[in-house]
Amino acid sequence: MKKLLIILLAAIAAASTPAFARVTIDITQGNVDPMPVAAPNFLGADEATQGLGRDITGVIMNDLDRSGLFQVIDQRAYIEKPESVNQRPRFADWRIINAQVLIVGEVEELSDGRIQVSTRVWDVYSDEQLAAVAFKTPADNWRRAAHKVADFVYKTLTGEDGYFDTRLVFVHETGPKEKKVKRLMIMDQDGANPIPLTDGLNYQVLTPRFSPTQQQITYMALFDNRPGQVYLFNIETGEQEQLGTFRGMTFAPRFSPDGRAVMMSMERNGNSDIFNMDLSTRRLTRLTDNPAIDVSPTMAPDGKRIAFTSDRGGSQQVYTMNADGSNQKRITFGQGNYQTPVWSPRGDLIAFTRIYQGRFYIGVVRPDGSGERLLTESFLDEGPTWSPNGRVILFYRQTPTRRDGSGGDSQLWSVDLTGRNLRRVRTPGEASDPAWSPLLP
Amino acid sequence: MMKFTKIAGIFASLALISACASTGPDLDATAGTDTSATTQPAGPVPGSQADLENSAGHRVFYGYNEYTLTGEAQSTLARQAAWLKEYPETRILLAGNCDERGTREYNLALGARRAEAAKSYLVSLGVDASRITTVSYGKERPIDPRSTEQAWSVNRNATTTITGAGA
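Protein chains in written order, with my numbering: chain A, 19 to 459; chain B, 3 to 169.
Hints may be right or wrong, so weigh each one.
Example chain A residues on the side facing chain B (calculated, C-beta under 10 Å, incomplete) [unchecked claim]:
1. D242
2. G425
3. Q429
Simulated from the structure, these hints should not be mistaken for lab results. C-beta atoms are modelled at their ideal positions from N, C-alpha and C, and glycine is treated no differently.
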């Protein structure tokens, strides 16, 4: 990981006009109108930095636009052409085109070969600077600098951390549905820089999950001739190892919020229960002991409760229990089946996959079982994963195959917590089982 | 359409290469299904996978979200048990499979239940448990790729494959 250096820019000479109420976006509202934002290409002193400036602006605008919270105004409508990042904009020129927020930036080449990306965020209606920031980074790391700027704008306007400087791991799928080649792949959150991490030759990769604290992934390897096993993969070294050796299948792994343990299901004589493995001692602790199927454990960010799927009541439903396995209780009671709960990093909600009358839904529910809301519906939606700020859910959607058996593609999609802003996530080819990284350091 | 077929062909050959590259025997559940039966006019070699499929049947089927054995499944397994007693050196892999109408993780657990249900029945009929390895493929290895009730009913199965000491 390349380091990004952050510096806060000095404010430009105080504005003469009194500050009006700052522009802000309330991201908890389901019916927000996207905020109109203008972003001229970041400036540069020569052709190289001007080119970088254009590319960086493109990445920032794409991030903001895809969030659904911003409406990026077409650059062809802009009247003022800023000449310096340190110059006060002509706010009237931006009000005419209905911009509420203006982002002006500059790329400089430093004497040590790195670049500095400076950005100012202006409130067009109160004529004041909202915030300013600069990042120093190697030139080839410009995409991350752009994502950092987008995160900075997001935080300035929403008050919450963004999620643009993040990565996704997912399962890249090729081949016929009867026996797909499934490889582990990683890419930037916006689809850039896809890199395969496994070759797909000896096993299929299923259900990868990102460590919330380290550059680590846990996933299940599905073999032909022996039970599938949970693996640990170090992204920086490329090393992978099987987590313990068990006679039965181990599957459905997920990190604890501190990254020090992996919860998983282990199957013994056909029955699946939930266990916790301490990663430093490799000691396994049993959490459920039930003749029914117990799968898909996920821990609350405070580490106190675990949600999981069980069919002990006849149908598959979401249950919660204490971190030591005590106090198990059912929290979903709707019709159909509820599976694969995933606790939000904010702690306030649990995402799930619901199957009802032949349709699949991604939904959310409070940890006490109240306030269920369904966000998506299709032939097959499953595998929700949360953005690190708990505002966006990624999942995969599989279409039904055609009569001749062709089709049936899997693709990644995103939707925000309000159920709005449903979008395809660009991947190279077919993709399933997405997992979102924490914000990169 | 032409293009699709071509691509599918490439993937099929890739799958073949990967099967050869792996260290263990080729256990692709569908690989041994028809070939020997149709190319050998004299009938399947006694004790072979094809022989098992012809004389006993190598698949039992389950209802949606079910792992209980139907009467038909019990009959098939009874024939498998008799066949396995005839070839006592044979070892088998029992793979539990699910349709695509469940989540990946739950289906892995359900497939394990299906494989275990079939194994338990064979053991109850006198087959030594040490001859049987069970795996679950969840919904990852459908026989029929279509999204139809008919395809799903075929894809909910436990499949028996000879892994060693067969003829």
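So, going through the hints one by one against the coordinates:
1. For D242 of chain A, the suggested interface contact is upheld, since its CB lies about 4 Å from the closest CB of chain B, less than 10 Å.
2. At about 9 Å, the closest approach between the beta carbon of G425 of chain A and any beta carbon in chain B falls short of 10 Å, and the interface hint on this residue holds.
3. Against a cut-off of 10 Å between C-beta atoms, the interface hint on Q429 of chain A is violated, since the closest Cβ of chain B lies about 15 Å away.
Comparing the model with each numbered hint stated earlier shows that hint 3 is the single one that does not hold.
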